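Read top to bottom, the protein sequences are chains A and B. Following my numbering, the numbering of the first sequence begins with 1 at its first residue and continues without gaps. Following my numbering, the numbering of the second sequence begins with 1 at its first residue and continues without gaps.
Read the hints as simulated data drawn from the structure, not as lab findings.
Here are the computed distance ranges between Cβ atoms for each label pair: (1) B/Phe298 - A/Glu305: 48 to 56 Å; (2) B/Thr258 - A/Ala116: 55 to 63 Å; (3) A/Glu307 - B/Leu22: 51 to 59 Å; (4) B/Ser297 - A/Lys15: 30 to 38 Å; (5) B/Met31 - A/Ala116: 45 to 53 Å; (6) B/Leu310 - A/Thr136: 42 to 50 Å.
It should be emphasised that the depicted structure is a prediction, and the values quoted were computed from it without experimental measurement. We put the CB at the ideal spot given by N, CA and C, even for glycine.
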Amino acid sequence: MSRENAVEVHQLTKKFGSFTAVDQVSFIIPKGEIFGLLGPNGAGKTTTIRMLCGILLPTAGEARVLGFDVARQAEEVKKRIGYMSQKFALYSDLTVFENLDFYAHLYGVPREKYKARLESLIEMAGLRGHEKERTTNLSGAWRQRLALACAIVHEPPMLFLDEPTAGVDPVSRREFWEMIYSLAGQDVSVLATTHYMDEAEFCNVIGMMYDARLIALNDPDSLKSDLRGVLLEVDCESPGQAEKIATGLPGVIEVALHGVLLHVTVEKETPQQTLKDTLASAGITVRRMEPVPPSLEDVFISLVEAESRPRLREEIE
Amino acid sequence: MSRMWTVMRKELIHIIRDPRTLGLVIVLPVMMLLLLGYAVANDVEDIPMALVDQSKTDESRRFVERLSVSGFFKVTYVVQSEREVLQLLDEGRVKSGLLIPEEFGRNLSTDESGTTVQFFIDGSNPTVAQTAQLAAETVSQAAAQEILVQRLSRSPLRMELRPPVDARLRFLYNPDMRRMDFMIPGLIAVILQVQTLLLTAFAIVREREQGTLEQLIVTPVKSWELMLGKILPFILVALLNVAMTVAVGYFWFDVKVTGSITLLLILSLLFLLGSLGLGVLISTISRTQMQAMYMASFIMMPSFILAGLLFPRDNMPWPAFMAGYLLPVTYFLEIVRGIMLKGIGVNYLWSSIWPMATFGIVVFFASVFLFHKRL
Numbered sequence: 001m002s003r004e005n006a007v008e009v010h011q012l013t014k015k016f017g018s019f020t021a022v023d024q025v026s027f028i029i030p031k032g033e034i035f036g037l038l039g040p041n042g043a044g045k046t047t048t049i050r051m052l053c054g055i056l057l058p059t060a061g062e063a064r065v066l067g068f069d070v071a072r073q074a075e076e077v078k079k080r081i082g083y084m085s086q087k088f089a090l091y092s093d094l095t096v097f098e099n100l101d102f103y104a105h106l107y108g109v110p111r112e113k114y115k116a117r118l119e120s121l122i123e124m125a126g127l128r129g130h131e132k133e134r135t136t137n138l139s140g141a142w143r144q145r146l147a148l149a150c151a152i153v154h155e156p157p158m159l160f161l162d163e164p165t166a167g168v169d170p171v172s173r174r175e176f177w178e179m180i181y182s183l184a185g186q187d188v189s190v191l192a193t194t195h196y197m198d199e200a201e202f203c204n205v206i207g208m209m210y211d212a213r214l215i216a217l218n219d220p221d222s223l224k225s226d227l228r229g230v231l232l233e234v235d236c237e238s239p240g241q242a243e244k245i246a247t248g249l250p251g252v253i254e255v256a257l258h259g260v261l262l263h264v265t266v267e268k269e270t271p272q273q274t275l276k277d278t279l280a281s282a283g284i285t286v287r288r289m290e291p292v293p294p295s296l297e298d299v300f301i302s303l304v305e306a307e308s309r310p311r312l313r314e315e316i317e
Numbered sequence: 001m002s003r004m005w006t007v008m009r010k011e012l013i014h015i016i017r018d019p020r021t022l023g024l025v026i027v028l029p030v031m032m033l034l035l036l037g038y039a040v041a042n043d044v045e046d047i048p049m050a051l052v053d054q055s056k057t058d059e060s061r062r063f064v065e066r067l068s069v070s071g072f073f074k075v076t077y078v079v080q081s082e083r084e085v086l087q088l089l090d091e092g093r094v095k096s097g098l099l100i101p102e103e104f105g106r107n108l109s110t111d112e113s114g115t116t117v118q119f120f121i122d123g124s125n126p127t128v129a130q131t132a133q134l135a136a137e138t139v140s141q142a143a144a145q146e147i148l149v150q151r152l153s154r155s156p157l158r159m160e161l162r163p164p165v166d167a168r169l170r171f172l173y174n175p176d177m178r179r180m181d182f183m184i185p186g187l188i189a190v191i192l193q194v195q196t197l198l199l200t201a202f203a204i205v206r207e208r209e210q211g212t213l214e215q216l217i218v219t220p221v222k223s224w225e226l227m228l229g230k231i232l233p234f235i236l237v238a239l240l241n242v243a244m245t246v247a248v249g250y251f252w253f254d255v256k257v258t259g260s261i262t263l264l265l266i267l268s269l270l271f272l273l274g275s276l277g278l279g280v281l282i283s284t285i286s287r288t289q290m291q292a293m294y295m296a297s298f299i300m301m302p303s304f305i306l307a308g309l310l311f312p313r314d315n316m317p318w319p320a321f322m323a324g325y326l327l328p329v330t331y332f333l334e335i336v337r338g339i340m341l342k343g344i345g346v347n348y349l350w351s352s353i354w355p356m357a358t359f360g361i362v363v364f365f366a367s368v369f370l371f372h373k374r375l
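Extracted from the complex, chain B is given alone in its bound form (with noise of 0.2 Å):
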């Protein structure tokens, strides 16, 4: 036991006495989170539009004015033909268009059956264009909507218009649909999990590579001294990671913790004693620091993808689904968003728990096992 003490003791030597290391170890997670954050977490908005309006009425104008009002495009090119809205496309210089043809206000103002107005939208990103398309037709739903109440309360019939059916949506949770609070919580475990691989996967292959292991494998220390002591300096990095990734996001994004905070600690502390452990059993595992790097990078790419943090789980196809249960993260993620958005506790996040801290004892385990005080 007071050999775990030794080694710890050992390595906490060597974080402080390389200030730089432990400055980038300390700012690079905040970082990355400032930087994805803004990147992943943004709702699609001001989608740029060229507009054709034919028809230049006040009903174009009109209807124009309700697309931008909408937030989601912005008209940043008037042009006046088609095939200039379509070369605009090819450059990329808007993603959608709209073509309001000369017949549009005349039609609507003279009370005749219906007109039509062409939108086009860049197809090559399916968030953007998904978005377009909702946001083209629900604005123009209502536009026609209005359109046809006024043309009702004009006619001599008189008769109210009210849809049979209304549908009423009540979001729980994040109820004004923030992406924001939905992907910061996600984006802070998935920093974390590539954060804990990054600060052990070299602690044994470097002693290796460095001749020290040879020195070290000759003296009494037993396999699970050395790893524990290798693994809990790390803990309070770690830990001090989770603390400031957790303040930016709530004072820079705004992110709240709904749940409890204590509960969120533990739980954290839980996923870094896995995490760190699946480090170290790379580490062991590795001969050279550049396997270790390679295996490392093995497991945080997936962790971007599998775990659930851009795309849902459940659409996954079965391969990949159970793949993601293989990551500690996927668990931390349900854990995060949970306590982050939901405000839910123990009795609901149990399932995720015990995977998790099953992973981590395994993990554990298993490096003290593989590793060999021999060459």
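Chain A on its own, in the form it takes in the complex (with noise of 0.2 Å):
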């Protein structure tokens, strides 16, 4: 285990009876870095961080945490993490300062410190003048502000934030991650997990997850990049029929709608031309068309796609 690797994932595996939620995933997350692990709902993120936390036993493949493996010694790594989990699991009978006080007693926060600690925290959170006030009160916000104080209020080396942001405004999701981010500055590496593709452009490093496999492992602007082909807004009239017409094209590897914008994948060489004049030939105007910089979302879109043909053609076959 290299030192300067806050976590370390090698062939990781969980089966739920015949069912494989987490199948074979391996990454690594330096010191200091944000990962982020995008994917939509049920592609194994959640049992993913859960195994990392040890509260879940792998089926196969291990993971470190911290230098200690997660299977065996999942007491040393929880004292050391901070985890936040889906719900925003608070006591909602207690006030804001009670659930504070109530981790920060389980964590075993010096005395010494707890003070200035829990002041800190208060103060970060944006919960000053609220602190008696009890949690079921509190609009999402700032539940999730005071859910990410419990979380580190041992000042964790590590921190794993399962949908950190679900249900949230998105001014607030921003001021979220500002905190996050000066969190990843005092050396704190973080895992978090999302569904939200613009969110993911605040972490150093993605893991793409679908159908319970890691299908892409990089930098966001590597992610981009190693697009294939090039991406081209199209603004046309009835977009649906032109989506349609434009999948089946020689060049075309890819073709999705985006509100009333169609976004067509095509290879680096063919001529934009032929597609503008094939629209224009099924009675379809284009009023526009040039190409644009990929979003992680076309990214991921095209990735699931070269993901699930050759399989669902498997299955076919």
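Got two chains here, separate frames each, mind docking them using the hints?
Set out below in structure tokens:
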């Protein structure tokens, strides 16, 4: 285990009966990095994170967190990590302060640090003046920040966040990620799962999960530049019909509806004029067509397509 | 260790923040004792009776008076025929009937050899039927004896009647044979069993359903710290229940504590630890609150029957008798009755104390071992 890595995962697998939730996933998280685990619901993100926190036993493979084996040294791992579960699991009949106090004592925050630590967390979470408020009365964004404060009360060097921004408004989401950034600046390593693609841009490294497997692993920019072909944004009449026409054309890798616009990925050498002409001959006027930089969402869709097409063919045959 | 106090303090806050539940938790055992106390502890008396007096003589009236004075029977209907008596029994308006034939008075007054009376008893409830049978026989025999004595005293022989064997009975403990004194201590034990199970059956599984358990098991808290932290706050609540039910027994039902109250409280504490632990064990192995509820009632129902509250355990068939040993309340029932009724101390209660203590320890360690800090 390298000293520079906070997390090392090797061929990690979890099966529930005959169902495989996580299938031979491998990655590393260098210290101080923010690792984003992306993917649709049910892809296996939560199961992965639970195994890394030592609360779910892997079926096969191994994972080390801060140098400790998650299967054999779970309690050692637990002392050193912060974990924020999907539902912001706070005690709703306890006040803001009581929740913080409870976790501070469970994690054994030393008495001499206790007061200053709780003060600074209340400050960080913007909960000053609300210490005596019962958690049940807090809005989603506040509950989220309190849950984060509870998770880092013992200043863990490794932080696991499972869908930390689910059900929170966009402004609060941005503020939340800024907090995560400042933590990473203090050498805290972070693993966060999300299905918001825009949030993934905040991460140093992204792992994309689909159907229990890690289908891509890289930094956001490389993922985008690795995208095969050129992404064209097409503004035209009846985009639904245009999608069907474009799909079968030679040189077209992929077509996806993007609101009222059409995103067409074509081979680099394919002349764009051909696509325009074909659409025009079908009676569809193209108002605008230009290459655009791909978003992570485009990358993800393209990867999923590449992943599921051969498999679909396999199943049919 | 300090983590245990942390968990305990959190649980206490949960209890205090929910005053309505707290109120129910404190008041319900007392309500149960009041209600069930009257239901199970009353002696069978005033069995309603339909009377057909065809004799209508002093002798027949005296016989009926004897029956009502005994307190076991109460004449609620006076009718003319056997047919009417049977109809009243059918309708359930009376539980017993008495037919005194026309020749009753005449036969007795003329010193003839004897006469008969006919009792009718509704046998559907054995407890009532047995009491009625015993009362009818006793009262009739006493009446017969008195008549016999009178006749002999009037006879020229003037011999005195003295039974050759005179059985004398002395009741140790509960000399008035008050059912109350027997049932109330037992009822206190069983109510506490139900109460403790309900208090802790949800302790773990509620957090599991809320999702807070997942957050809890990623902390360094140890299983025993969590379990003990969950049990201890309820010890306070349940001890309050003990004090209140014993007080209600004393002031309301007039059931005295013959033995040491301190010993009663100490042994109650031991019992509470075990049965609260049993609740936590149920909570640990349940996946949902529904499952916990069902498992708890699987222990509650047998507590009423198998622990020896209503029926003596000695007469139970072997499997039922042995099953009783698996319930902590069986031992506690012996202890509570022993202290309240007989006033006996530790040396006599030892055979109940050690299994109860063992039970508590086993249950606690079982819940610690069965609770995994994993999902």
